[in-house]
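Participant: Use these hints to put chain B onto chain A, whose structure you have.
As you go down the protein sequences, you meet chains A and B in turn.
For the first sequence, my numbering puts the final residue at 447, and the numbers step up evenly by one.
For the second sequence, my numbering puts the final residue at 594, and the numbers step up evenly by one.
Everything labelled a hint here was simulated from the structure, so no lab data went into it.
Bear in mind the structure is a predicted one, so any value in this text is a computation, not a measurement.
Possibly wrong hints are sitting among the right ones.
Claimed, not checked - Below, a sample of chain A positions facing chain B; criterion: calculated Cβ distance under 10 Å: (1) Ser33; (2) Pro53; (3) Asn65; (4) Ile67; (5) Ala69; (6) Thr73; (7) Gln309.
What the hints assert, rightly or not - In silico BS3-like cross-links for lysine-lysine, where the CA-CA straight-line distance does not exceed 30 Å: (8) Lys179/A x Lys166/A; (9) Lys325/A x Lys392/A; (10) Lys330/A x Lys520/B; (11) Lys4/A x Lys520/B; (12) Lys249/A x Lys4/A.
Here a beta-carbon is modelled for each residue, glycine too, at the ideal position from N, C-alpha and C.
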Amino acid sequence: MFSKILVANRGEIALRVIRACRELDIPTVAVYSEADRNALHVRFADEAVCVGPATATLSYLNIPNVISAAEITDADAIHPGYGFLSENIAFAEAVGAHGMVFVGPDTRHLATFGDKLSAKEAARKAGVPLLAGTASALKSEDEAAVTAKQIGYPVLLKAAFGGGGKGMRVVHSETELRKLYDVTSAEALASFGNGAMFLEKFLPTPRHIEVQVAGDHHGNAIHVGERDCSLQRRHQKLIEEAPAPGISKDLRTRIREAAVQLVRSTGYNSVGTCEFLVEGDEFFFLEVNPRIQVEHPVSEQVTGIDLVQLQIRIAAGEKMPYQQKDVRTKGHSIEVRVNAEDPWNFMPSPGRITGYHAPGGPGIRVDSAVHDQAMVQPFYDSLVAKLIVTAKDRETAIRRMGWAIDEFVVEGIKTTLPLQRALIDEPEFRDFRFHTKFVDEWLEKRK
Amino acid sequence: MELERIEALLALMQDFNVAELELEEEGSRIRLNRNGGAAGVPMMVPAPAMVAAGTGQVPASATPAVPSGHLVKSPMVGTFYRAAKPGSPPFVSVGDRVQQGQVLCIVEAMKLMNEIEAEVDGTIAEICVENAQPVQFGQEMFRIEPA
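Next comes chain A alone, as it looks inside the complex:
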């Protein structure tokens, strides 16, 4: 097992990793920017190293400084969290080159799944259903037009190296396709450094269902249940839950098995998530996230499996401590992401938290790195806390989430809590008749 882990991240996920390390008796090193000098992850790690000024590119994304910090503290592993350097191949390689272990999959998996086209190819090889679309990057507008006609409009024009819900455009006709082709490629080049694009059939009202998976370095592969993350605003997840409600037992089994098959077939060797779009009784591969994700707690709550500890143990070379039959879901768990944003217009709302009280009691879990008087910085993403509610069934979980949100006090900044409070009251939420466009349409109607 590792003798010391450096956590190359901040905020709630850094604290989450530190907590997992504490239980594994592994000392931790936090890295921080000057803006995060008083942050909780800095205070609760065993050691801390300042790696730069507030700007992320000069601190949390500063590969030489992060690696140096691990060297001077004698860390033998680095946990990248999510976002930041968690899928950065150059970083993962540098970690290995300096004799340390990157807590994540081998870099070849970061390469396979960082490129949406090679990810699709891996899925196809594993026998996972794919959306109709191009298997390689489009060479020209004409090729796009021909392919789009074959697939059938509407189609999605997607950046091969896009991420975070960005870099895609819905196209409804050939005229529109020809109008948007060049500008979409230019945007992809500017945002992701690569203008390669491909086409995919567009599903108007799918559900987003993803499967938590884990593979070790000994060829073992399991799933840890699925999650439904359909409630998104402009592709940013707001509410997630496990297990996915209202899908047939058959679909549930097929989608979980497909995810495991993908892990087995690629030899993926860490924890990760296979994302799918579901329409009716059919599911289609979307992408793989080769890292721990924000919404991992809901899977932990219904299975009792600590995913971060599992990730660390796998990275240390341990054999998968669970067999598939050991993975059973019990009850229902829902998470809301509390972002420091105006709940209706989503303008960022950084600032000092002047009053803070998190809910508690049975079935309430709050993963957060803020506290009363904490500064929510404008330099990083707006996630302030995750409120995770677990109960014996979905109906009870929804009711519990309602009063938990009512009890959650965050003053001094605006948060998305009022939005999520309203959403869970909607009949479509209660009857799980939602889909990935639901929140956007609901917000439009409110205006």
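Facilitator: Frame of chain A, contents of chain B only:
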């Protein structure tokens, strides 16, 4: 620094159970100690500590004077070396006159030796880190009396 500000700092120290606080802002610097000057008292709140002793925050016996001068801070994370190689004479010592652009030390990061230069002309008043000790971003390494 106004009395009001000092009072606010003391209240903050009380709230967070901090024994010692050193603050530098806008050219002035103050060190507040709640334990009547017992500089060796461990902090009640576990403070982030680097593995080495030489972090430049050696609790000096009561120094009411605010040190002046230009502080040379490390622009990166790495290991501080006073000389180009082991056995070589150090680049500078306390009392040396230095010129802007003159190499003061090496910070080694990821096997690369980075030369750190003086940003002002002056005299080396203090060397804040011991040889071969780690430094973090922003850590004070030299104090130069500008001339």
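Participant: Does each hint fit the structure? Answer for all of them.
Facilitator: Taking the hints in turn, this is what the structure says about them:
At about 8 Å, the closest approach between the beta carbon of Ser33/A and any beta carbon in chain B falls short of 10 Å, and the interface hint on this residue holds. This hint holds: Pro53/A has a C-beta 8 Å from the nearest C-beta of chain B, less than the 10 Å allowed. Restraint check, Asn65/A versus chain B: the minimum CB separation of about 4 Å is within 10 Å; hint holds. Against a cut-off of 10 Å between C-beta atoms, the interface hint on Ile67/A holds, since the closest Cβ of chain B lies about 6 Å away.
The restraint placing Ala69/A at the interface with chain B holds, with a minimum CB-CB distance near 5 Å, inside the 10 Å limit. Against a cut-off of 10 Å between C-beta atoms, the interface hint on Thr73/A holds, since the closest Cβ of chain B lies about 5 Å away. Taking 10 Å as the C-beta contact cut-off toward chain B, the hint placing Gln309/A at the interface is violated, the least distance being around 23 Å. Distance restraint check for Lys179/A and Lys166/A: the Cα-Cα separation of roughly 19 Å lies within the 30 Å cut-off, and the hinted pair is therefore satisfied.
As the CA atoms of Lys325/A and Lys392/A are separated by approximately 21 Å, the hinted pair is consistent with the 30 Å bound. Using a Cα cut-off of 30 Å, the hinted pair Lys330/A and Lys520/B is violated, with the two alpha carbons roughly 54 Å apart. Using a Cα cut-off of 30 Å, the hinted pair Lys4/A and Lys520/B holds, with the two alpha carbons roughly 27 Å apart. A threshold of 30 Å between alpha carbons decides the hint, and for Lys249/A with Lys4/A the separation of about 43 Å lies outside it, so the pair is violated.
Hints 7, 10 and 12, counting from the list given before, are not met by this structure.
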